[in-house]
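From the two separate chains plus the hints, produce the assembled complex.
Top line first, the protein sequences correspond to chains A and B. Be aware that the first sequence starts at 1, since it is given in this note's numbering, and climbs by one per residue. Be aware that the second sequence starts at 1, since it is given in this note's numbering, and climbs by one per residue.
Hints were generated in silico from the structure; no laboratory data involved. Be aware that a few hints might be false.
As the list claims (entries may be wrong) - With the C-beta cut set under 10 angstroms, the calculated list includes, among others, these residues of chain B facing chain A: (1) HIS372; (2) LEU383; (3) ASP474.
Stated by the list, open to error - Restricting the straight-line Cα-Cα distance to at most 25 angstroms, the calculated cross-link-like pairs of lysine-lysine (BS3-like) are: (4) LYS50(A) / LYS25(A); (5) LYS46(A) / LYS25(A); (6) LYS422(A) / LYS407(A); (7) LYS163(A) / LYS461(B); (8) LYS215(A) / LYS461(B); (9) LYS775(B) / LYS709(B); (10) LYS304(A) / LYS449(B); (11) LYS125(A) / LYS46(A); (12) LYS50(A) / LYS122(A); (13) LYS46(A) / LYS325(A); (14) LYS304(A) / LYS375(B); (15) LYS517(A) / LYS528(A); (16) LYS762(B) / LYS782(B); (17) LYS479(A) / LYS517(A); (18) LYS566(A) / LYS479(A); (19) LYS211(A) / LYS461(B); (20) LYS325(A) / LYS125(A); (21) LYS762(B) / LYS163(A); (22) LYS122(A) / LYS163(A); (23) LYS282(B) / LYS269(A); (24) LYS586(A) / LYS566(A).
Positions of the beta carbon are idealized from the N, C-alpha and C atoms, including for glycine.
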Amino acid sequence: MIRKSITTILFLALALAVFSQSKGKIEVPLRFDRYYDYDEMTEALKALHKAYPKLTRLDLVGRSEENREIWALTINNDSTGEALTKPGVYVDGNIHGNEIQAGEVCLYYANLLLTRYGENEKIKKVVDRNAHYILPVVNVDGRARFFEEAHTPNSSRSLRVPKDDDRDGLVDEDAPDDLDNDGNICQMRIRDPLGDYRTDPEDPRLMIPVKPGEKGEWTLLGQEGIDNDGDGRYNEDSEGFLDPNRNWGANWQPPYVQNGAGNFPLSGKGTRAIAQYIHERPNIIVNFAFHNSGGMWLRPPATKEERLAPSDLAVYDVIGQNALKMTPGYVYHSSYDLYPTYGDTDTHMWYLEGSYSFVGELFMRSQETYRENAARPVTPPATAGSASASGSGRRGVNPDEAREQLKFSDHLGLTELYRDWKPFHHPVYGEIEIGGWVKMSSRLPHPFMLPELVHRNAMVVLFAAEQTPDIAMEVFEVKEISRNLSRVRVRLSNANAIPSMSANAANTRLYPMDMLKITGARVVAAGKITDLRNNQVTYQEHRPDLIFTSVPGYGRVEHEFLVEGKGTLRIDYSSRKASDLSTTVKL
Amino acid sequence: MKKWIVYRAFPALLLWLPLMGAGQAVLEAVDHAAIHAASHAAIHAANHAASQTANPAASQTANPAASQAAEHATSHAAMHAAHHAAHQAAHQAAHQAAHQAAHQAALQGVSHGVGHGVGQAEPEAANPRSPLAAQAGHTPHNAQAGHAPHTAQAGLTGLTGQSAQAAGYRTPAEVQTALKTLRKEHPREVTLHQIALSPGGQEVTLVEITTATGPVPAIFTVANLEGSSPLATEGALFLAQMLLDSAHYTRQLKWFILPQPNPDAAETFFAPLRWERSGNRKPVNDDADDQTDEDGPDDLNGDGWITLMRVADPEGTYIASPKDPRLLVPANPAKGERGRYKLYTEGTDNDGDGRYNEDAPGGINPAINFPHLFKMGDKQAGLWPGESPEVYGMMEFIFNHPEIAMAFTLGSADFCMTPPPGGRRGGASYENIRVPARLASRYGVDPEKSYSMGEIVETLKSAMPAGAREITPDMVAGMLGLGAVVNPLDEDLRFYTALSEKYKAFLKSRGATGERMAAPADKEGSFELWAYYHLGIPSFAMNLFTPPVLPPEGNAAGANQAAPSGSGKESPGDRASTPVANAGVSSRGDQAASGPPPGLRTGTPVAGTETAAAGKEEKTPPAGRKTTDPQETQLQLLRWIDATPEVKGFVPWTPVTHPQLGQAEVGGFAPYVTTTPPATMKDSLCRLQIPWLLQLSQQLPRLAIHSEKVTPLGDHLFRLEIFVENRGNLPWPIAMGTRNRQPAPVILLLEGEKFQILEGYKRAPLEQIGSNQVKKLSWVIKTEGKTTLKARIDTPLADASVREIPLGK
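For reference, chain B alone in the conformation it holds in the complex (with noise of 0.2 angstroms):
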């Protein structure tokens, strides 16, 4: 009890903080609370100390090449330090760090930086004696900033934490008025597209950002498609800033990003009752039984979430955990234990049919609702890939923009620190194909006898005439119907594994060296995967946030050397050991009975969960997705948030008479704690991570002419060789887009008069083009007498890089 007072308390400490002395303020809040994170006394006494020296460099707008001291004060307090706070000499840890940081920042005089970068300016705006208040209207989060009151009232008043949680997060229309105000200020950059209105009537809208003016690649990035991550929002909003900050990331490419495809479900994130969902509003008749909607979760406990029930029933399967009894696992029958509870879902039954919340409010799930991997007959899903709008309205804008090169997706998946894994059954083998007998007879080939497609795509093309349409590879797996690519190809695991690597480095140089849990895995139907195995082109996932992992209690010294997950050990394919990766994002559903950790995710209304539970199998993942155990991911939850206080991210199980249930307890995860951190940590966070997304960007092919040369063979004959070369660290297309044949074409184009071309063709195809790599061209040209070729580069991806080539005398 006295815990959740001090929790309460935390938002009005944090306002006072700046004007307390650091050492002060460290210690009242260590005093406070005994195992307060550091990070954020550390961060506020940087910030203070920030403000006294007064720089002018703190009224400019954010400067992504924040000073290494900064991103690590920064990023080391908010994601690692916490555990110095818990774990180690509490006090001196605190004192340490703050005066590192203050120091540090003082010396370089980069108090934009670490004011910036820690995103206090909620607190400080509310408080309009604070120093930085002012400053807080440079921060591309200064939207904002009317939220701060709330937040200071949450906290003074005693309200829930929650819509503190909420504060530091912009809306839907906040996004929208900050998309038309970056258009507004940068006019000549900014171009906004209205790409489809949600189901719920509101606009989706991109914004496109370039300072060139030829064709150039481009690199589509679209955030928090699940509704639930406003991080990722936050995110991609960070990034248009920073790209407009400096017109380094834009003179070479064209950037379209989608701050908000999903506004339905975002704004829900703000709504007076939580629960974690990605629905957007087309209603959809869930149970398929007499009405639509009509049986969400309701908040029995009244604390404005939605967590879990459990109800004492003897067929219950479920026990509390030995090792935390705030965790339930499912009894173990084989080793004596019987179960105890049932579990749902908050709520009670609405419609009388039995089951409890299973047709929520809300639609279709845009995360999952592209072609790949689509799952037909998941409501969630959509009925088909593409029936809700937004995925219509971006699948249809991409493919006209035939230069975007690469995708970047922010949300719950992550292919930067690990490469997008493989393991599922069933794909399309290009080696070992049997023909069936009846058409083996037709194609003339064997049908007990297996045959590459090479060779049967030179079968084939024997037998038709000359100059006839070719015969591709896709045809033919066409008519045998070998069906998808449903794993990385190797080569391109090559690259995601190099660039993994580099994350990691890049990462370790600003100083973020902790571990934290693993991001959830991709999802089947989802846009980075779509990008990837439909478009051909590399699709970077980025997971913003998850929590850190903290050692077991009595196991602190280690905590430091951790490395972050998915290193060292770890292969490609482990990386679903993810703690949240089985919870999904899916809003609806069966979740505590397929498998996962049931209440992980507890805003997630368990639909049915006990009805759901019965007669469904269990499904083993497929060979090289592992899954760790999920108790043990709990108990890593409850760790972090056990040492961080103030996130308030489980509700202790309290009894409530339930209408239907009887007697029952109300408790569980906090919607939202493993996707969203608080707002307090959502700058460093940024600062930390999106660089990387320029970084990234740096990587795609650059194609240009690189030389010429022209030998003469006899009168007025030449060969003319031309050397394109790529200058990126990517190849164009990567293997995946050879495959799919989808990504644009190269082609090297032969103008002029007076020649004729013996040999090659006046449109030549460059093919695949390795990263770094020079490729040749060559053609025999018999010329009329004295003439001029041009060559040029003939690809919505690069700017024409034109020669002209005089051939003869």
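Extracted from the complex, chain A is given alone in its bound form (with noise of 0.2 angstroms):
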């Protein structure tokens, strides 16, 4: 009985310390060698708001299911001009409530400009050129609990809004149980001689697969637990469930199109706070949501019906192109090749808020090196028609790659990754062991790889923020074709490669397009000159002094005006996603 309190002592101090050892005083410029809890998150938003208070507002987005606050925090020189007249950059992660480091890339990223504000000029350049809006947070009842309680790697995912996932009349009445009380929902294995895996000769903390006719000797019993409601299943109806990365508006499909999508569109109360956050911005033109894990940069579409046109997927590549480059290991391609996906926040950002959408996978297992050439593989490529060695099926789980992760917990991870097998007495399943790898594991780097991870995918929103539209306007012809009239010749063009309204949100008429408006004295005609050399000018029935146009990245446009008499006239562009600029011009 002693020995066991021991243990369990012994176990508590183990877990602990995986994420509070690098604890420390919350202070600006924040540190990146440890995880934020919910609590510590927030006060580290404040803490920015604090010491940067003329750079930043820090807004109440909303609150959860379990009245936990959201928190956004903008970015802004406002003597450079407010927010929403910049183009906006929005980032927010963690909407899954496990995939913690996604909060930390947001929280980076808003210390990362505030900090190097006024010593660095590629900061400065994109803190006095756009308006960035950050919120680490999405699924904050997610996060605190992941944080709080005992959990897999892949657990607390859910926003909590209670179901009946197994249709037995009860709510979230069969979620895992940390029998051993170590904060982590591990493996159960049992004794079986004839079962499907046997001891691995190489480490005897993992098994591999019996092969056929080969004596078996576990039988894995699944996520640790017992069955709470006595209906035979195990830890069946947990938390949840609802994703609320399925639950956004657009293309939204209903549960038994999508598990998990929620009774309705932004059924979630912190999703709907959000996307009506979104909406009241309709400066944003390029957002990231982050995630993990797999190491990935995902682009709309998420679904095989939907495509993009060819200029807007040329825009997305120069920022995906650029982001494998800048985060080596990854892969960048459309969320639909990965899995379909209905109302998911890239969708929603794309189709209803004109916003090119990313979404970035943090971190991937095989970063868990241990081993000479960080370059060479592991095991050499699995030969064609075996099982994937990577993703997340089971059947796919490569030897080799177990074993290195685990000398890599024992070598580099401080053994905290991997719990070793302990014997357990199960109510209903008798003398079985339970063991495995923890929570902080798996799809979360090491503290001591934060802040390479951070910095890394930081610096790719980064580089999208300093691709946004920056339109100049240039009056580069004015001249008298008759004794009343002139022509007056305005080009647009944009140095950066994010043109000032996506090709989609144009053919949807999402929103108006870029104005060009002339006053001050009679237009007579208006129209786009589509042949600057051979003079040649499509000129508009109506509104001569409206002109709706769009800036391609890096290219221009150019439009013509006829005018009538003499006097200064005012020529104004404005634009929901681009800055607004305006010239006056002497006839």
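Written out as structure tokens, the structure reads:
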């Protein structure tokens, strides 16, 4: 009995060590060799706001199902213009409660912009030119409980909306249980000569599948837990399930089409508040939603029915292809290439808010290396026809990879990532063993790796911010073409990759296009110059004082006005996403 | 011109009718307007006769079970007598109808049934001398009495007939008052819920009616989501009143009734300028220019209505129809026809962009803001499903009430007469599933072959550890992106078809034998589709009024035999053959461009008709969703309008000088003509059809423990069998509910002490139970000595049905 208590205490100490040893006072500049729990995350945002009151604004966006506060930090230099007048960059993370390092990436981005402003030109430029909206934790309940409670690396993903997953009339009544009180939901195994697994001869902590005809040693019993509701199934109705990244408005489909969709679009309290917050910031033109894991940059579309216009795809590729090089090992492709999703934030932001939209799947386990040459794979590539070595499929775990991951935990992870198998007396199964990868493993980098991860990924956001439209307006010709008629030609050019409006937004007439407006004289005709050298102009039939236009990425557009009389003309360019411009011309 | 005078004098005529002798009234009516509908004359005669009987029942509140005779007289008259008058010997028919009705009513002494059913409260109320005036106060529609003087005045002073049309229907404010009155008068049965605030700042109020105390199934009823069907709102209030008049349908049922979910649009029906619209008051920049709501229609001919404009134009594509010169039809160049007119909604180009009425005030149409088949990109549908607060509030309320087991929609679509149509492409199939190569190896299947859902689930299950989370078809469907169900499931079509046959018989038994124009098709993003596909419960839409179909000239003989539309040879998929189907309730957009008859729903601005027409492709309707010749439906509509003088349904083309287009002509069908009959008909229409909803409510599953059987197997070992019965005529859940796993599960719960279950579960799911079916659940139980188990049904749908089962000795 005493021995058992001691072990329990030891385990507790060990578990706590993973995320508490590096805890320190929260002060600016913030540290990133640690994880912030929900309260600390809020505290850190408040600390940044306190340290840079002029550059920041902290908004309470809404509250969650469990009444936790959802915060967003705006970084904007008011002296260069109000936030809404600048191209907006929106970053959020941790929409899945367990994907916590996404929050740290957002926090790091804020910390980077603020602490290096004034000493780094690159940073100064994006702070002065853009509005940055940073919402580190979307699923606040999920994050809070991921830290507070025992979980697997994959649980606490849901919103806290109870749902009867197993349709027995009760909600959330059979979640996994932390039988050994170590703060983790690990695996259960039982000795069984008829089992499908045997002990790995190279590392006794691991099991390998038996070959046909071979004698087994273990049967895996699934996640740590008991059959709380006595229905013969284990852990089949845990929290939720409402996946907040399937609950958004665009292309939403009900739960029978896609599990976890929620009852209807934006039925989640927090997701609805955030959608509203975003909708009130129509200047947002590029956005990132950070998740874990797998090392991926995903872009729309998320279903096979949708496609991107070629010009939009080109813009995505500028950012995506650069992101690949900034985060070695990541892949970049459409969200659908991973699997179809409906009602995800990516689709919502792209189709309904007109924002170039990326998902960053942070971290991949292959970065947990224990070998001489990190570039060389630990085992030769899987041969054709064999089960895929990547991905989460159970069948595909490569024993060499698992062995290396364990060595990584032993020698670099301070043995904190894996829990050795220990006997346990289970009320139904009897003598079993509990062990395996802990909550803070698998999808999360060990804290020592966190600084590089947050930096590389935040720099991709910075790169995208740098690509937001930078429009210049130039009156390149004022010419009297008859006694009382002048020709005024205006060129709008974009120094960056992202156009002033996506082709999709323009095609679907999502919102008004950019406008070029002349006041101060009577405009007789206006049009678009289609061939400057040959003087080809397409005049519009109506409203010659107002031209609707948009400026492509790394491109330009030229317009012409025919104006009567003399005096000073004022030309205004206004855009929902790009900054407004104006100039005057004397005739 | 003479006709117009008669039309305008008509309300005045009504006013005096009750004071005349029945026969004289008919004669007067027929004399003054030769094609006057016999129904009204007959009804008034009946009213008068009934009032003479002075039966004490007359002061009673409306009794839903009015006598068969009265029903027959009123429904028959209201819906079908019009063509008797028009095409048979007018005098004779009118006399017959009048005498018959009066005679029967007097004989049976059901004065109220007639007086109320006919809904002539307004003119009567306007005349203090009318013996029926006092009675009007007892009808559920008494709030409208205040409008009656307007009616009379309009008629007498020769104002437009339109205000007379609005009178008799209740404004959103009056609906609020009516609901508060219900609550005040029935505090024990009625609860009001505020479920949303419309963008225009109006409360959306839901009324809950029940006399049950325990858990009972509930029915959610919504009316007039389109805002353009005030009759539907009246229907919902009529239903509420019926439920309060007798507790028969509330003892085992809870009703949630939402009579006015779209108050913003509903209010526009009562506006001085009338054009049919469904959008709420959220500002939406339809044309994505620099201004919002800046180019709505304009009343150019000053008649208070928005209709159409036709403009002679060398590029015109329309010609006057050879069958009726009032109608415009697309010219067919292949037949040597050359277009003459361009067609626009009535109005100017207010913002000077070359388009007409392309950004009218108003916003999202809640009737198409629901998630099933939501039309992303359609500005009228909203940016996303539930963006409009009325719809969000409804969905939230419904999911907070899992006891809701059936849904009724009073509006444009009709699933009562004809089952919901199929024929949509792209539905998910669980029979032939191809697994993409990238997942095939993980699933252990061949990417080149097709599998059934069952096979895939089994394959995946075998790869999961013991006791792991269940692999369900929806998980697999999600991973594979199989998509949604888009057509009604065959198993469900069976009950829809059976009930539609019963409905036709029901109508026939109540004297409604004539043919009416088919209801518009169900709309994508509608509540009625959402209720079936996403809630997985039986969803019945009912359209209370479409114009009657009259035979063409010289073909009157067959008219009486005409069956209700949708019966007979028509297959379920055919029902979109409806005249109004394609006109929809679109209050903006390219109605004229996309095939449907231009100007059928003329109140609808045909936004930028000409602009939109260019470059828009006509969509071919999916297989199984046929459309009929739009011209034919317009001709039908004209026949009815011509035969029914109190319906001012068509504005003759009259020249106007248009500021931008020059010489133009304004005319076409009047707003609301296809959705809203004269208010005089509303009560008879409700009385005829609303009781069917009560009948439908009786179809709901009724679950109880039927019996149990205990078989001793050995020492303290028993097999327990419990038989659960469903005495309703519908299964629970229906096939769609089984598919989407959304309806509340039904669990059989075993409680007690000193027992152990060896086989079976403490909470045993019933899964699906058929209609009028008994289903067995069984357990093997070991007891410790003598004990008594309690078996109980656990579901929000039914009162706990408990059995005590003694086991052992």
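Taking the hints in turn, this is what the structure says about them:
1. HIS372: holds (8 angstroms)
2. LEU383: holds (5 angstroms)
3. ASP474: holds (4 angstroms)
4. LYS50(A) / LYS25(A): Cα-Cα ~15 angstroms, so holds.
5. LYS46(A) / LYS25(A): holds (13 angstroms)
6. LYS422(A) / LYS407(A): Holds, because 19 angstroms separates the two Cα atoms, which is no more than 25 angstroms.
7. LYS163(A) / LYS461(B): holds (22 angstroms)
8. LYS215(A) / LYS461(B): holds (23 angstroms)
9. LYS775(B) / LYS709(B): Holds - the C-alpha atoms of LYS709(B) and LYS775(B) are around 13 angstroms apart, at most 25 angstroms.
10. LYS304(A) / LYS449(B): holds (20 angstroms)
11. LYS125(A) / LYS46(A): Holds, because 24 angstroms separates the two Cα atoms, which is no more than 25 angstroms.
12. LYS50(A) / LYS122(A): holds (23 angstroms)
13. LYS46(A) / LYS325(A): With a Cα-Cα distance of about 33 angstroms, the restraint between LYS46(A) and LYS325(A) is violated, given a limit of 25 angstroms.
14. LYS304(A) / LYS375(B): holds (17 angstroms)
15. LYS517(A) / LYS528(A): Status holds; Cα separation ~13 angstroms.
16. LYS762(B) / LYS782(B): holds (13 angstroms)
17. LYS479(A) / LYS517(A): Judged against 25 angstroms, a Cα distance of about 19 angstroms means the pair holds.
18. LYS566(A) / LYS479(A): It holds: about 12 angstroms lies between the C-alpha atoms, which stays within 25 angstroms.
19. LYS211(A) / LYS461(B): holds (20 angstroms)
20. LYS325(A) / LYS125(A): With a Cα-Cα distance of about 23 angstroms, the restraint between LYS325(A) and LYS125(A) holds, given a limit of 25 angstroms.
21. LYS762(B) / LYS163(A): Holds, because 20 angstroms separates the two Cα atoms, which is no more than 25 angstroms.
22. LYS122(A) / LYS163(A): Outside the cut-off at roughly 48 angstroms; violated.
23. LYS282(B) / LYS269(A): holds (22 angstroms)
24. LYS586(A) / LYS566(A): Holds, at about 8 angstroms.
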